[in-house]
Amino acid sequence: MIQPTIVEIDDPDDDRLALYRDVKDRDLTGREGLFMAEGKVVLERLFTSPVAETVSVLTTPERLSGLAHLPNAPVYVVPQTVMDAVAGFPIHRGYLALGRYAPKQTLAQRVSANRARVLVLCGISNTDNMGGLMRNAAAFGVDAVVLDATCCDPLYRKAIRVSVGGVLEVPHYRMNDIIGTLKALDLTPYALTPSGKVTLDVVPPAARSAVLFGAEGPGLSADIMAACETVRIDMHGGFDSLNVATTSGIVLYKFTA
35 MIQPTIVEID DPDDDRLALY RDVKDRDLTG REGLFMAEGK VVLERLFTSP VAETVSVLTT
95 PERLSGLAHL PNAPVYVVPQ TVMDAVAGFP IHRGYLALGR YAPKQTLAQR VSANRARVLV
155 LCGISNTDNM GGLMRNAAAF GVDAVVLDAT CCDPLYRKAI RVSVGGVLEV PHYRMNDIIG
215 TLKALDLTPY ALTPSGKVTL DVVPPAARSA VLFGAEGPGL SADIMAACET VRIDMHGGFD
275 SLNVATTSGI VLYKFTA
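Residues 35 to 291 in our numbering are what the sequence shown spells out, letter by letter.
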């Protein structure tokens, strides 16, 4: 069995820590296609992730024993002062890791069963919303998440943190032709919109279905909605919609039951 490599470092300028430098400012930029994860819960999800692999870990001697298990990757153990100096700000959680996104199946393979549930996101540029949506996808057992070209990266550090590592549980795929992709995969599309023709409570989800969400404000495009069954959640008190992540939780609860 391959064992993790524990490496003690006390020099913040050590080259082995280069990709951890200036976390707050750089996020993904210049990290050679890698992403940054932080926090104990998120790291432990990364270590067992079906869609990502751990490249290395950065922690302190005090925090090391708090991890239930370690990955087969270098584990850099440094004093808290060194960790803060490398990252560029105080890392109160005491855990950072670099990962590489590596889904083992294509989208078609992920949804090849007779029953499939897919979450489709269009124009989601807010990292908090993206994190919340990915958390819900993991919580309700969605088979895959499809993103259009205008969505932000679910692997931004903040999005991963907000998702509580959920983004490391469910594979996501970028597609240019959303409706064409869903048709090719025989997925029935349902578009969530305040102007939907039917209410969520009367919708019997197809065995193979996709639920589509747009950005708060502009929502989904007219072309996309024209190709879907449009669904709404009725509001009270003059409100026309909920936060997109909140809405997805309600919808996915019904669609995955």
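If you're looking for bench data, these hints aren't it; they were derived computationally from the structure.
Everything numeric in this text was worked out from a predicted model, so none of it was measured.
Just to be clear, a hint being listed does not mean it is correct.
No farther apart than 25 Å at their CA atoms in a straight line, the calculated lysine-lysine pairs in the DSS-like style are these [as the list claims (entries may be wrong)]:
{"#": "1", "residue 1": "Lys231", "residue 2": "Lys288"}
{"#": "2", "residue 1": "Lys217", "residue 2": "Lys74"}
{"#": "3", "residue 1": "Lys288", "residue 2": "Lys217"}
{"#": "4", "residue 1": "Lys217", "residue 2": "Lys231"}
{"#": "5", "residue 1": "Lys138", "residue 2": "Lys231"}
If you anchor each label on the Cβ, the simulated ranges turn out as follows [said to hold, decoys possible]:
{"#": "6", "residue 1": "Asn148", "residue 2": "Pro84", "range": "37 to 47 Å"}
{"#": "7", "residue 1": "Pro228", "residue 2": "Leu98", "range": "44 to 54 Å"}
{"#": "8", "residue 1": "Asp45", "residue 2": "Lys192", "range": "36 to 46 Å"}
{"#": "9", "residue 1": "Asn148", "residue 2": "Met269", "range": "19 to 29 Å"}
{"#": "10", "residue 1": "Asp48", "residue 2": "Asp235", "range": "56 to 66 Å"}
{"#": "11", "residue 1": "Thr233", "residue 2": "Arg134", "range": "35 to 45 Å"}
{"#": "12", "residue 1": "Ala260", "residue 2": "Ala291", "range": "41 to 51 Å"}
{"#": "13", "residue 1": "Pro252", "residue 2": "Pro113", "range": "40 to 50 Å"}
{"#": "14", "residue 1": "Thr184", "residue 2": "Leu98", "range": "19 to 29 Å"}
C-beta: ideal position from N, C-alpha, C; glycine also.
Here is what the structure says about each hint:
no., hint, result
1, Lys231 - Lys288, "holds, 18 Å"
2, Lys217 - Lys74, "violated, 40 Å"
3, Lys288 - Lys217, "holds, 22 Å"
4, Lys217 - Lys231, "holds, 21 Å"
5, Lys138 - Lys231, "violated, 38 Å"
6, Asn148 - Pro84: 37 to 47 Å, "violated, 21 Å"
7, Pro228 - Leu98: 44 to 54 Å, "holds, 49 Å"
8, Asp45 - Lys192: 36 to 46 Å, "violated, 29 Å"
9, Asn148 - Met269: 19 to 29 Å, "violated, 35 Å"
10, Asp48 - Asp235: 56 to 66 Å, "holds, 58 Å"
11, Thr233 - Arg134: 35 to 45 Å, "holds, 42 Å"
12, Ala260 - Ala291: 41 to 51 Å, "violated, 28 Å"
13, Pro252 - Pro113: 40 to 50 Å, "holds, 48 Å"
14, Thr184 - Leu98: 19 to 29 Å, "violated, 40 Å"
Figure legend: structure checked against the earlier numbered hints; hints not met, in rising order: 2, 5, 6, 8, 9, 12, 14.
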